[in-house]
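So the protein lines, in turn, are chains Z and E.
Quick note: the first sequence, position 298, residue 283 per this note's numbering, numbers continuous.
Heads up, this note's numbering is the position in the second sequence plus 3, with the first residue counted as 1.
In case anyone wonders, no lab produced these hints; they're calculated from the structure.
These numbers were taken from a predicted model, which means no experiment stands behind them.
Idealized CB from N, CA, C, for every residue including glycine.
Fair warning: there could be bad hints in the mix.
[Said to hold, decoys possible] Listing some non-contacts, in silico: residues in chain E with all C-beta distances to chain Z over 12 Å: (1) D11; (2) N13; (3) E22; (4) A24; (5) D81; (6) M130; (7) M131; (8) P139; (9) E141; (10) H154; (11) N165; (12) E174; (13) L194.
[Unchecked claim] Listed next, the stretches of chain E that the computed footprint assigns to chain Z, with coverage defined by at least 3 CB atoms under 8 Å from CB atoms of chain Z: (14) 86 to 95; (15) 198 to 204.
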Amino acid sequence: MVEHSVAATQAVVTLDVALPGIIWGWIITVNMWAKSIGTGVVLVGAYLLYRHKKEDMPSLRWIVPTVSFVALNIFLLFTLIDLHQPYRMINIFLHPHWTSAITVGAWMASLFTGLITVMMLIGVMDAFPDFRRHCAIGKVARANSSLYEKVFPFVVFLAIPVTLYTAIIMAESSARELWQAPTEMMQMMLAAFMAGASALIFFSDSWSASIRRDLAFVLAISVAASFGMYMGEYFFSFKAAEAEATLEFVHSGGEYFGQFWTAMTIGYILPFLLSISVIKKENTTILKVAAIAALIGLYMAKDVWLKIPQLLPLS
Amino acid sequence: MKLGFLVDLNLCMGCKGCEIACKVENEVPLSSWRLRVKYLDVGTFPTTTRNFTPLRCNHCENAPCERICPVSALHYLDNGIVNIDNERCIGCAGCMMACPYGAIYMDPETNTADKCTYCAHRVEGGMMPACVTACPVEANIFGDLDDPKSHISDYIAHHQNNGGVQVRKPEKGTEPKHFYVGGGNQTLNPLAHQRIEGYSLFNNITHLKHVGEPNHGIIDRFMAPFTSHDEEGGH
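Same shape as in the complex, but just chain Z (with noise of 0.2 Å):
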């Protein structure tokens, strides 16, 4: 009994209604991982071209919208599936509440999402000329092969506020002090590149050595800038109560620290070693397994970071 347990000056709850656990919970850590490297790949991809030939990666073409394409539809279908109401989900679109990140969000990656499925079927459909010769679509986006590089900046543009909107959700959820933090803009941004990087590297063997070095950069300069700001608000926080009470979740030991310090080892550390090594000796596989871990620790670390603040009382 309490009476025991707790010290006496204390205010203990003795009479209370059951209160809500997880709300949010693995199905949308999904949502935000996928959409991580739905938006990377395209960020990423812009900066490779930035730095490189084209006709040195002629694949990134087509593999940059396919991959965004596919990770976006599994984020557009965790975002669906978490609603209690999914047939619903059209009412974002009819009856639209602009001071809504949500809103603003639903309606931002929608588009994004049409652009990069034009840009994925005019470069699929170029890059390999004899698919679907006589199909109707197939001739349409040949016919349009220009479109691709008109709509390319417009898309790279968009992915930043695509990227970014999460964390203005979370902003928005002012029941939950630790993403109150402006630090959650910037940690969005380097999962992006995080994502992004790694998804890349998979398809880079037929790239040329310095493009896998750049890919390894990329992913080592975001794995540490994003653990250093793991690092500071786990340690320092931000001094707000809530905020301090909800790290103690992570803290005090239990699952959520044994998670969180996982992630931060497989997902921060490890890939930021192994990338530094493949920058100074030219190791595919060892890239590889950088960004197989960065992938997973990008996972778990964002489930931690959605699911401690959940655990508080609110009342």
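Add chain E to chain Z, keeping to what the hints say.
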């Protein structure tokens, strides 16, 4: 008109009459609450006190739930009530993440968000909210904050000296329109007391194992429009 609520915790005796009246009036399902009375024990024996805190939606003037709702299911009425249209709600639970007071729940029967509306349907008909009517000691005071002659304005004026009138989590900037007299940090701040899971003096302090309808899996969410509750045996 700006409707507000005040609870005088000095008067509340924890009878839970308001809680039951709310449940009955609004047909609030099992495992859910729009209004609850929390018991809190403070002190060292024999100088212990038992405190009762009724908790409901604060109908904030700057409501985070209204701001985050993507479809305006949560909206302001002209009288200041933060109302909810559960025909429009998509069940994203954004409002549950935004409300700093944990006052919103996912209705397990409709699988949409729901909360206290200050009994907007009764207020529209000129009646008081059900919890006000049920309170045997008139600890619940409801009325127009814009009217200086209203009972609630008068009550606030008489008690506001020396911090006698409080709101929950003022630092959140939500400007709640739900006030407390006789409250303290321990009763109003959830971080100032311990909520230890397990069997306590009265009941099992615990967490809900589900959000919305139990066993409402991903497939069920998509099948729901094609299967009625009657076919499943009803609730």
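For each hint, the structure was consulted:
no., hint, result
1, D11, "holds, 19 Å"
2, N13, "holds, 17 Å"
3, E22, "violated, 9 Å"
4, A24, "holds, 16 Å"
5, D81, "holds, 18 Å"
6, M130, "holds, 26 Å"
7, M131, "holds, 24 Å"
8, P139, "holds, 19 Å"
9, E141, "holds, 23 Å"
10, H154, "holds, 26 Å"
11, N165, "holds, 22 Å"
12, E174, "violated, 9 Å"
13, L194, "violated, 6 Å"
14, 86 to 95, "holds (count 5)"
15, 198 to 204, "holds (count 5)"
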